[in-house]
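Enquirer: These are the residues of each chain, in order.
Number of protein chains: 2
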Amino acid sequence: MGLNGKPLVSIISAGMSKFGKHDGLLAREIFAEAVHEAFTRCPKLDPKGDIKALFIGHMGEAYEHQGHMGAAAADWAGLTGIPATRTESACASSGAALRAGIYATMSGLADVVMVGGVEKMTHRTTVEVTEYLAMASDYPFEQWHGITFPALFAMMATAHMHEYGTTEKQMASVAVKNHYHGSLNPKAHMQKEITLEAALASRYVSWPLKLFDCSLITDGASCIVLTRPELASKYTDMPVHIIGSGQASDSIGLYQRKSFTSLNATKLSAKTAYELANVKPCDIDLAEVHDCFTFAELMAYEDLEFCPVGKGGKLLDSGETRLGGRIPVNTSGGLKAKGHPVGATGTAQAYEIYLQLTGQAEKRQVKDAKIGLTHNVGGSGATAAVHIYRSDQ
Amino acid sequence: MGLNGKPLVSIISAGMSKFGKHDGLLAREIFAEAVHEAFTRCPKLDPKGDIKALFIGHMGEAYEHQGHMGAAAADWAGLTGIPATRTESACASSGAALRAGIYATMSGLADVVMVGGVEKMTHRTTVEVTEYLAMASDYPFEQWHGITFPALFAMMATAHMHEYGTTEKQMASVAVKNHYHGSLNPKAHMQKEITLEAALASRYVSWPLKLFDCSLITDGASCIVLTRPELASKYTDMPVHIIGSGQASDSIGLYQRKSFTSLNATKLSAKTAYELANVKPCDIDLAEVHDCFTFAELMAYEDLEFCPVGKGGKLLDSGETRLGGRIPVNTSGGLKAKGHPVGATGTAQAYEIYLQLTGQAEKRQVKDAKIGLTHNVGGSGATAAVHIYRSDQ
Numbered sequence: 343m344g345l346n347g348k349p350l351v352s353i354i355s356a357g358m359s360k361f362g363k364h365d366g367l368l369a370r371e372i373f374a375e376a377v378h379e380a381f382t383r384c385p386k387l388d389p390k391g392d393i394k395a396l397f398i399g400h401m402g403e404a405y406e407h408q409g410h411m412g413a414a415a416a417d418w419a420g421l422t423g424i425p426a427t428r429t430e431s432a433c434a435s436s437g438a439a440l441r442a443g444i445y446a447t448m449s450g451l452a453d454v455v456m457v458g459g460v461e462k463m464t465h466r467t468t469v470e471v472t473e474y475l476a477m478a479s480d481y482p483f484e485q486w487h488g489i490t491f492p493a494l495f496a497m498m499a500t501a502h503m504h505e506y507g508t509t510e511k512q513m514a515s516v517a518v519k520n521h522y523h524g525s526l527n528p529k530a531h532m533q534k535e536i537t538l539e540a541a542l543a544s545r546y547v548s549w550p551l552k553l554f555d556c557s558l559i560t561d562g563a564s565c566i567v568l569t570r571p572e573l574a575s576k577y578t579d580m581p582v583h584i585i586g587s588g589q590a591s592d593s594i595g596l597y598q599r600k601s602f603t604s605l606n607a608t609k610l611s612a613k614t615a616y617e618l619a620n621v622k623p624c625d626i627d628l629a630e631v632h633d634c635f636t637f638a639e640l641m642a643y644e645d646l647e648f649c650p651v652g653k654g655g656k657l658l659d660s661g662e663t664r665l666g667g668r669i670p671v672n673t674s675g676g677l678k679a680k681g682h683p684v685g686a687t688g689t690a691q692a693y694e695i696y697l698q699l700t701g702q703a704e705k706r707q708v709k710d711a712k713i714g715l716t717h718n719v720g721g722s723g724a725t726a727a728v729h730i731y732r733s734d735q
Numbered sequence: 343m344g345l346n347g348k349p350l351v352s353i354i355s356a357g358m359s360k361f362g363k364h365d366g367l368l369a370r371e372i373f374a375e376a377v378h379e380a381f382t383r384c385p386k387l388d389p390k391g392d393i394k395a396l397f398i399g400h401m402g403e404a405y406e407h408q409g410h411m412g413a414a415a416a417d418w419a420g421l422t423g424i425p426a427t428r429t430e431s432a433c434a435s436s437g438a439a440l441r442a443g444i445y446a447t448m449s450g451l452a453d454v455v456m457v458g459g460v461e462k463m464t465h466r467t468t469v470e471v472t473e474y475l476a477m478a479s480d481y482p483f484e485q486w487h488g489i490t491f492p493a494l495f496a497m498m499a500t501a502h503m504h505e506y507g508t509t510e511k512q513m514a515s516v517a518v519k520n521h522y523h524g525s526l527n528p529k530a531h532m533q534k535e536i537t538l539e540a541a542l543a544s545r546y547v548s549w550p551l552k553l554f555d556c557s558l559i560t561d562g563a564s565c566i567v568l569t570r571p572e573l574a575s576k577y578t579d580m581p582v583h584i585i586g587s588g589q590a591s592d593s594i595g596l597y598q599r600k601s602f603t604s605l606n607a608t609k610l611s612a613k614t615a616y617e618l619a620n621v622k623p624c625d626i627d628l629a630e631v632h633d634c635f636t637f638a639e640l641m642a643y644e645d646l647e648f649c650p651v652g653k654g655g656k657l658l659d660s661g662e663t664r665l666g667g668r669i670p671v672n673t674s675g676g677l678k679a680k681g682h683p684v685g686a687t688g689t690a691q692a693y694e695i696y697l698q699l700t701g702q703a704e705k706r707q708v709k710d711a712k713i714g715l716t717h718n719v720g721g722s723g724a725t726a727a728v729h730i731y732r733s734d735q
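If you read the protein sequences in the order shown, they are chains A and B. Under the working numbering, read the first sequence as residues 343 to 735, first letter to last. Under the working numbering, read the second sequence as residues 343 to 735, first letter to last.
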């Protein structure tokens, strides 16, 4: 393709609910909170007429015994009437919504498109949530045999430890970093720093992954508003352009993969996104990557080519991915500390990059950030979506 | 917008599994059957490289305890690697996939896009299926109180009978017509004609709807392949152009609607589709409409403006919507006789129109058919998608 960095679409606004526990609220009500912020941030956007389509990532019907979330969410957000479609690609459901929204915006059929995501999880027990999340893995060959997501990622982590010498301490250090970032984000589920000792002392969930290596069960919603680049100035003086977009699939079953130490869907989608954007990994100023488990962040460093293969742990050790480093990763707190309301995660990553590139990230602002990246993974890597953002301010 | 009948995209191939019972197969395997036909029909399409994105409608994770159907279906269809996203808008899941695929194709990011849908239902009990389908309605205000889909459509049918004098006999006659059409379709779930007497004598499911007023619990899959109109000749001499596309939403709860006798989402999406296509309802040569219940077909006649409001029953009585009439409706057998594997229905409608407009519908061929329409509804009408097709042969 090769659009050489020409904006595909522009983000003109964004919204996110507080991530955490929202007792007594329905998913659609939490989504309305995110939408309200998006309209408040962009007064020139008409809540009653400008949005021409909605794609909303939502992973699980089981949580609320509720399908048809596109229509339900549109209705509660005051958008009744517009085309409203739920996308589901497991934990990459709103990464896929973002991709679908980019298609819609570029098609010429819809000038302004909202994409977002939502999940309401905390009213369910941990056992129930574990079962619902497992639906993102293969039923006959994985779920049936009792494999859960901590176990799937533990197998990958183990392979990486064996192959490259990655350590439990390095994984725990991802949690320490992301909790520090989360402590600076008033919308994060967890806003307390943790110590390396506490992370290492937490109980094993699935060896080598411990409780503090796992992301959180969280309620939350997020959305961003897209338009064609030539229309952005009608709505805002501070657009953020999406200059690269890649999405890719892989076998749903881990057992079918050639490698356990990298995700091919990440590599494929990153390749497409980098090419479209005409940027190199070293051009990225900050990134939100899919740290559903701490190990996954280290693997993402390698698959996104922030460092050579096998050196993810070393990049973490160097401090370069911490706020103040060369390429801060997960300044929002990531899935680990901000929380992981699965359907909402992809566009919540985009929300963080939007804040950072428009200088609105307050205590966790990355200085002179111009180019950002988001990386959203579904399941054990059967889906990945990578997007690259640029601010021209 | 107003593209005045200029093709939005072109269909270059299509496939559909046999609809019926597929004991022992997974949804992804049934979908692979549809994909195999699409590749067989179009030898110039490279199964290993041409398809650049997949959107697949799939309604229920509960049937197979399986989410993440985009990746799973892509993998089993030999398409691993491409962006593959599940869309879910209840029974309009693949109508929404079609719309998403049109966006993708028109965006310029993907030259050839597959859209489709699948559902595997018959291994579940009727009670289970009724519960899973109910997730398309509102949980707190409908499901919670025990309202099922037959009950929701029964309330609409009752209102229409009261307002316009529509009769149980007219509804039963829809079933007779569609079973006649189904008897001519070797892929239909039910291929036997039924009598009016048998339909009227069947037991009530939810008054005034009887067993023979209800569509079928069916396994099945369907897909169509889209490209930009200027690329179509590379793949086929018989493209079918999509010249109109509309999708709309409404409140998920029936109780929120102003009218029980029409679906506003159908009216909105039809308006958009007719305008884009620059055709009038009287220009339509044949249509596949969403007859989840016989009554719904009569209501569709009115909402799509095939007849004046309140005259749906009279149009049916006239015989004009039967094969050989002025505007044959549901020549495939419809959801009533062909079957309703919910996620597959929207693109199965498109498959029938594709066959008809390319002269491949055999015993049920509509003579000189040039312009066709599909109408796919989600839930009790919270989603509708209307598409208009033209053959230039």
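In short, the hints are calculated from the structure, not lab data. There may be inaccurate statements among the hints.
Since copy identity is lost for identical chains, a pair holds within one copy or between any two.
[Claimed, not checked] Only pairs whose alpha carbons sit at most 27 angstroms apart, straight line, appear in this in silico DSSO-like list of lysine-lysine: (1) 394 with 705; (2) 394 with 348; (3) 390 with 363; (4) 511 with 348; (5) 386 with 609; (6) 576 with 390; (7) 534 with 360; (8) 394 with 511.
Enquirer: So, for every hint listed, does it hold in this structure?
Expert: For each hint, the structure was consulted:
Taking the closest pair of Cα atoms, residue 394 and residue 705 never come within 27 angstroms of each other, the shortest separation being 35 angstroms inside a single copy and 42 angstroms across copies. In this assembly of identical chains, the alpha carbons of residue 394 and residue 348 lie at most 27 angstroms apart whether taken from the same copy (23 angstroms) or from different copies (21 angstroms). When the C-alpha separation of residue 390 and residue 363 is checked against a cutoff of 27 angstroms, the pair qualifies neither within a copy, at 29 angstroms, nor between copies, at 45 angstroms. Proximity of residue 511 and residue 348 under a CA criterion of 27 angstroms is satisfied in neither setting, with 41 angstroms inside one chain copy and 61 angstroms between copies.
For the homomeric pair residue 386 and residue 609, neither the shortest alpha-carbon distance inside one copy (38 angstroms) nor that between copies (29 angstroms) is at most 27 angstroms. Taking identical chains as interchangeable, the C-alpha atoms of residue 576 and residue 390 lie at most 27 angstroms apart only when both belong to the same chain, with a minimum of 17 angstroms there against 43 angstroms between chains. Proximity of residue 534 to residue 360 under the C-alpha cut-off of 27 angstroms is restricted to the intra-copy arrangement: shortest distance 16 angstroms within a copy versus 57 angstroms between copies. For the identical chains of this complex, residue 394 and residue 511 are neighbours neither inside a copy (48 angstroms) nor across copies (41 angstroms), given an alpha-carbon limit of 27 angstroms.
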